[in-house]
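Trainee: Chain order of the listed sequences is A and B.
Going by the working numbering, the letters in the first sequence line up with residues 1 to 373, in that order.
Going by the working numbering, the letters in the second sequence line up with residues 1 to 413, in that order.
It is possible that part of the hints are untrue.
Derived Cβ-Cβ restraints for the label pairs, each shown as a range [what the hints assert, rightly or not]:
1) Arg10/B - Ala18/A: 44 to 50 Å
2) Asp19/A - Glu22/B: 53 to 59 Å
3) Asn177/B - Ala18/A: 54 to 60 Å
4) Met1/A - Arg289/B: 34 to 40 Å
5) Ala186/A - Gly333/B: 54 to 60 Å
6) Asn133/A - Arg289/B: 49 to 55 Å
7) Tyr370/A - Leu367/B: 27 to 33 Å
8) Pro363/B - Ala15/A: 41 to 47 Å
9) Arg289/B - Glu193/A: 37 to 43 Å
10) Gly286/B - Gly174/A: 35 to 41 Å
Reference listing, derived: stretches of chain A covered by chain B, where coverage requires no fewer than 3 residues with Cβ under 8 Å from a Cβ of chain B [what the hints assert, rightly or not]:
11) 3-17
12) 255-265
13) 276-284
14) 289-302
15) 311-318
16) 361-373
Because the hints were derived from the structure by calculation, they are not lab data.
Glycine included, every Cβ here is placed at the ideal spot set by N, Cα and C.
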Amino acid sequence: MVDLTPTEEQRHIQAAAADLLAARSREAGARAVRAEPAGYSAELWKEMTGLGWPGLALPEEYGGADGGFLELCLLFEELGRHQVPSPLLTTMACAALPIARHGSAAQRAQWLRAVAQGRTLSYVRAAPRGDWNATGSDVVAEPAGQGFRLHGTALFVPYAGTADALLVIARTGGPEELTALLVDNAPPGVRCERLDVVGNDPHYRVDFTAVTVPGERAVGAVGSGRTVAGTAAELGAAATCAEMAGGAQGVLDMTVGHARRREQFGRPIGSFQAVQHHCANMAVDVLGSRLGAYESIWRLSQGLPATMEVSLAKAWGSEAYQRVCALGHQVHGAIGFTYEHDLHFFHRHAVASALAFGDADHHIARVTRYLGL
Amino acid sequence: MNWEETPDERDFRHEVRAFARERFPVGYGPDPEAEHSLEPEDVWGYDWPADRLSRDPARRAGARAWAAALAERGWIAPGWPVEYGGAGLSAMREFILREEMMRAGVPTVNGIGAMLLGPTLLEYGTEEQRAAHLPGIARGETTWAQGFSEPGAGSDLASLRTRAVCAGPGSGSYLVNGQKVWTSSAQYADWLFVLVRTDPEAPKHKGITFLLIDASSPGVAIRPVQDMRGATPFAEIFFDDVSVPVANRVGAENQGWYVAMAALGFERAGIGATVKFEQVLSRLVGCLRSEKEPGCPGRDTAVLRHEIAQRYIELRTQYNLARHTASQLEAVGIPGHEASVSQLFGAELHQRLARTGAKAFGPYAQLWQRDGAPMEAAFAHMRFDAVAATLLGGTTEIQRRVIATRGLKLPKS
Ligand SMILES: Cc1cc2nc3c(=O)[nH]c(=O)nc-3n(C[C@H](O)[C@H](O)[C@H](O)COP(=O)(O)OP(=O)(O)OC[C@H]3O[C@@H](n4cnc5c(N)ncnc54)[C@H](O)[C@@H]3O)c2cc1C
Numbered sequence: 001m002v003d004l005t006p007t008e009e010q011r012h013i014q015a016a017a018a019d020l021l022a023a024r025s026r027e028a029g030a031r032a033v034r035a036e037p038a039g040y041s042a043e044l045w046k047e048m049t050g051l052g053w054p055g056l057a058l059p060e061e062y063g064g065a066d067g068g069f070l071e072l073c074l075l076f077e078e079l080g081r082h083q084v085p086s087p088l089l090t091t092m093a094c095a096a097l098p099i100a101r102h103g104s105a106a107q108r109a110q111w112l113r114a115v116a117q118g119r120t121l122s123y124v125r126a127a128p129r130g131d132w133n134a135t136g137s138d139v140v141a142e143p144a145g146q147g148f149r150l151h152g153t154a155l156f157v158p159y160a161g162t163a164d165a166l167l168v169i170a171r172t173g174g175p176e177e178l179t180a181l182l183v184d185n186a187p188p189g190v191r192c193e194r195l196d197v198v199g200n201d202p203h204y205r206v207d208f209t210a211v212t213v214p215g216e217r218a219v220g221a222v223g224s225g226r227t228v229a230g231t232a233a234e235l236g237a238a239a240t241c242a243e244m245a246g247g248a249q250g251v252l253d254m255t256v257g258h259a260r261r262r263e264q265f266g267r268p269i270g271s272f273q274a275v276q277h278h279c280a281n282m283a284v285d286v287l288g289s290r291l292g293a294y295e296s297i298w299r300l301s302q303g304l305p306a307t308m309e310v311s312l313a314k315a316w317g318s319e320a321y322q323r324v325c326a327l328g329h330q331v332h333g334a335i336g337f338t339y340e341h342d343l344h345f346f347h348r349h350a351v352a353s354a355l356a357f358g359d360a361d362h363h364i365a366r367v368t369r370y371l372g373l
Numbered sequence: 001m002n003w004e005e006t007p008d009e010r011d012f013r014h015e016v017r018a019f020a021r022e023r024f025p026v027g028y029g030p031d032p033e034a035e036h037s038l039e040p041e042d043v044w045g046y047d048w049p050a051d052r053l054s055r056d057p058a059r060r061a062g063a064r065a066w067a068a069a070l071a072e073r074g075w076i077a078p079g080w081p082v083e084y085g086g087a088g089l090s091a092m093r094e095f096i097l098r099e100e101m102m103r104a105g106v107p108t109v110n111g112i113g114a115m116l117l118g119p120t121l122l123e124y125g126t127e128e129q130r131a132a133h134l135p136g137i138a139r140g141e142t143t144w145a146q147g148f149s150e151p152g153a154g155s156d157l158a159s160l161r162t163r164a165v166c167a168g169p170g171s172g173s174y175l176v177n178g179q180k181v182w183t184s185s186a187q188y189a190d191w192l193f194v195l196v197r198t199d200p201e202a203p204k205h206k207g208i209t210f211l212l213i214d215a216s217s218p219g220v221a222i223r224p225v226q227d228m229r230g231a232t233p234f235a236e237i238f239f240d241d242v243s244v245p246v247a248n249r250v251g252a253e254n255q256g257w258y259v260a261m262a263a264l265g266f267e268r269a270g271i272g273a274t275v276k277f278e279q280v281l282s283r284l285v286g287c288l289r290s291e292k293e294p295g296c297p298g299r300d301t302a303v304l305r306h307e308i309a310q311r312y313i314e315l316r317t318q319y320n321l322a323r324h325t326a327s328q329l330e331a332v333g334i335p336g337h338e339a340s341v342s343q344l345f346g347a348e349l350h351q352r353l354a355r356t357g358a359k360a361f362g363p364y365a366q367l368w369q370r371d372g373a374p375m376e377a378a379f380a381h382m383r384f385d386a387v388a389a390t391l392l393g394g395t396t397e398i399q400r401r402v403i404a405t406r407g408l409k410l411p412k413s
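With the hints as extra help, turn the sequences into a complete structure.
Mentor: This is the structure in structure tokens:
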């Protein structure tokens with residue numbers, strides 16, 4: 001039956017995640033980890049690993065729980081709602097699941113098991129000029145012996161500083177031939193430098209200087225990097241939509257709470273119609289983005305084509321989340337402009353996640369192509 | 001969460017599709033001049049309540065034959081129990097039924113009677129009232145209009161002044177005097193359900209009664225009101241000493257407000273509008289792609305393409321909101337404030353879509369005539385149809401207030 005409400009089990013996952021993150025957000029939330037070198041709470045990560053979060057969507061044979069991508073995305077939604085930075089999305093959606101889909105049996109056995117045990121991965125897509133449509137890569141893998149030698153620089157690599165390995169989309173052969181390589185994130189030759197960015201997830205500049213990569217580290221066939229990158233971008237975008245829907249819900253909850261408590265002219269500001277209309281507009285955006293996110297995620301988890309639905313959800317969700325933040329600020333007044341208030345962490349997240357895996361314009365352009373315009 | 005239909009639901013979809021193909025009467029064509037219908041479920045050019053009384057015999061016969069065909073399956077009032085002529089369908093099947101009828105380009109029948117009055121009588125009516133009125137609606141024989149608004153009472157519905165007094169001690173009837181306005185399709189209706197004031201002294205919500213009034217009763221005068229498009233989708237109604245049997249009261253005297261609020265709560269899923277929008281948008285895309293089509297000088301600019309894609313994204317969002325409402329109805333039994341979200345979003349999308357579409361035709365977007373205009377001037381007309389979208393069924397300001405106070409539990413002002 002068409003049933004757009006969560007199942008019992010999904011509600012359970014959601015509630016358990018919400019409970020944990022609400023309890024830990026003080027010491028592991030965006031504010032608390034801002035100064036942490038890793039950019040996230042290693043302690044909470046350990047706890048999450050103990051609860052089986054990284055293994056939730058991995059096969060049992062590798063120590064996973066055999067859950068689906070949809071169930072995993074419920075975790076991203078809650079991470080967004082509580083603004084708890086974590087390498088879970090990068091590790092799972094952009095590396096582990098693409099390895100599960102495209103990697104060899106040996107790669108799956110090694111890396112998926114490692115991830116289920118708490119190892120983290122990151123994903124490097126160094127496109128020329130940061131163009132989301134780009135076909136090439138700024139990282140070049142030259143043939144060297146039985147493997148490759150890597151050169152080049154990538155910007156905006158999330159959680160690269162602490163990731164155990166990097167899934168790198170590199171140029172092999174002509175300007176458009178790409179290959180996905182699993183690269184140990186260890187010197188010599190790999191250097192990660194943290195960038196100062198708007199968002200709450202730590203981002204890095206990663207330099208590769210003559211990094212030796214054995215041939216068996218290619219994920220999928222040599223030259224098939226575009227396919228692997230496609231999977232990582234599609235799952236990454238969809239997962240980000242879940243995270244954004246959660247973030248937008250967090251802003252709405254926080255704003256409604258404020259509007260009920262804050263009094264002006266002798267009554268709660270939430271009783272003023274202009275304020276009510278702001279909140280109602282936020283509710284429209286929140287529900288619209290959640291349903292869009294989950295439609296695309298559900299399709300992906302069923303193995304159905306979802307390219308269009310992912311673009312719809314990302315285009316809509318990216319803009320909706322930013323509108324929700326703007327109205328949230330409006331209703332909060334000056335208090336929401338302070339560093340002390342948590343609202344800006346959501347706003348930072350909205351700006352950064354709108355840019356992850358393509359902004360609204362990028363995805364709208366994909367929709368025009370789909371419509372045949 | 002599951003977006004996929006079961007084989008049963010898919011079969012049902014095919015059944016509706018086949019039914020529309022086989023049973024839709026050939027002689028019942030759309031009226032090229034029609035601008036009447038503002039019901040989102042209705043297809044352009046069809047206006048079933050008007051068509052069933054049309055002077056054109058082919059249209060009249062077609063409208064009646066279509067109602068009879070639907071009635072055979074209980075599909076005029078698909079959600080009602082079978083004993084009253086419904087089909088006892090679940091919310092999701094009712095959704096699929098309406099969707100497929102829209103896709104097939106065939107009109108729904110008996111909107112207000114089936115969707116508003118029926119559920120109200122099922123909840124608050126007496127057994128006699130149900131037996132007397134429901135089967136006629138379900139057979140497509142009687143149509144109803146909703147007389148709530150008055151010249152002085154729109155958003156503030158409870159300030160209504162049409163009054164009813166008991167004709168005398170022990171008398172079995174009320175005497176009704178006053179005026180209603182904006183009553184959709186009242187000029188075609190056999191019966192009216194109206195709110196009247198029965199206790200002028202009581203606080204305004206507590207002195208209102210819900211009555212069923214035969215439109216042919218002496219003292220009822222119904223005058224169509226012309227709208228900005230030149231059409232007459234609604235009417236004003238004058239009651240001059242109209243006698244209404246007490247047996248036609250729904251719920252207790254002075255409790256009509258609560259009955260009416262329930263009636264307004266029987267929201268439409270908003271599916272019709274979505275399909276209609278999707279169809280017109282895909283025609284627009286087709287039109288822009290076939291530059292050679294005569295009379296279709298579309299302006300295919302990058303900005304326009306971007307805007308069309310945005311509307312498409314919104315449309316799919318609206319489809320999700322509508323399905324979500326049906327899914328909630330099925331799962332929980334009542335729609336939450338999400339139903340208002342769907343209605344509000346759909347109304348505003350209607351207006352955005354109309355503007356985007358009109359843009360595509362440059363100066364040709366001002367052609368009101370359908371003949372020789374690009375896409376038969378669909379968007380020129382839609383721009384004006386859409387003006388009512390954010391008013392009818394409660395303005396979008398009022399919808400937002402409902403979402404804020406009932407949905408988000410913000411304090412009332
Ligand atoms: C095509 C059409 C069909 C209709 N069909 C029917 C029908 O079948 N039966 C029926 O009973 N009625 C019907 N109506 C009437 C409709 O329900 C009313 O028009 C609507 O409720 C608004 O009332 P009003 O027109 O008196 O505007 P008003 O209530 O005077 O509103 C004018 C403006 O003031 C705003 N406003 C009013 N109060 C507030 C408030 N408290 N806070 C913020 N803003 C406020 C409104 O939102 C609106 O913007 C129909 C209307 C249309 C256009």
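Trainee: Are the hints correct? Go through all of them and say.
Mentor: Against the structure, the hints:
1. Under the hint 44 to 50 Å, the C-beta atoms of arginine 10/B and alanine 18/A, about 35 Å apart, miss the expected range.
2. Evaluation of the 53 to 59 Å hint for aspartate 19/A and glutamate 22/B yields a pass: the beta carbon distance comes to about 55 Å.
3. A hinted range of 54 to 60 Å holds for the C-beta pair asparagine 177/B and alanine 18/A, which are about 57 Å apart.
4. About 37 Å separates the C-beta atoms of methionine 1/A and arginine 289/B, a value consistent with the hinted range of 34 to 40 Å.
5. Alanine 186/A and glycine 333/B have their C-beta atoms about 58 Å apart, which keeps the hinted 54 to 60 Å range intact.
6. Checking the proposed 49 to 55 Å range against asparagine 133/A and arginine 289/B shows it is violated: the Cβ atoms sit about 22 Å from each other.
7. For tyrosine 370/A and leucine 367/B, the hinted distance range of 27 to 33 Å is satisfied, since their beta carbons lie about 30 Å from each other.
8. Range check, proline 363/B to alanine 15/A: about 58 Å between beta-carbon atoms, so the 41 to 47 Å window is missed.
9. Take arginine 289/B and glutamate 193/A: their Cβ atoms lie about 48 Å apart, and the range 37 to 43 Å is violated.
10. For glycine 286/B paired with glycine 174/A, a C-beta distance near 38 Å keeps the hint of 35 to 41 Å intact.
11. Coverage of a stretch by a chain is defined here by at least three residues with a beta carbon nearer than 8 Å to that chain's beta carbons; for the region 3-17 of chain A and chain B the count is 6, and the condition holds.
12. Note: the region 255-265 of chain A has 3 residues with beta-carbon separation from chain B under 8 Å; the three-residue rule is met and the coverage holds.
13. Counting residues of the region 276-284 of chain A whose C-beta sits closer than 8 Å to any C-beta of chain B gives 7, which meets the bar of three, so the coverage hint holds.
14. A stretch counts as covered by a chain when three or more of its residues have a beta carbon under 8 Å from one of that chain; for the region 289-302 of chain A and chain B the count is 7, and the coverage holds.
15. Chain B is given as covering the region 311-318 of chain A, and this holds because 3 residues of the stretch bring a CB closer than 8 Å to a CB of that chain, at least three being needed.
16. Here the region 361-373 of chain A counts 8 residues with a CB under 8 Å from a CB of chain B, which clears the bar of 3, and the coverage holds.
The earlier numbered hints that this structure contradicts are 1, 6, 8 and 9.
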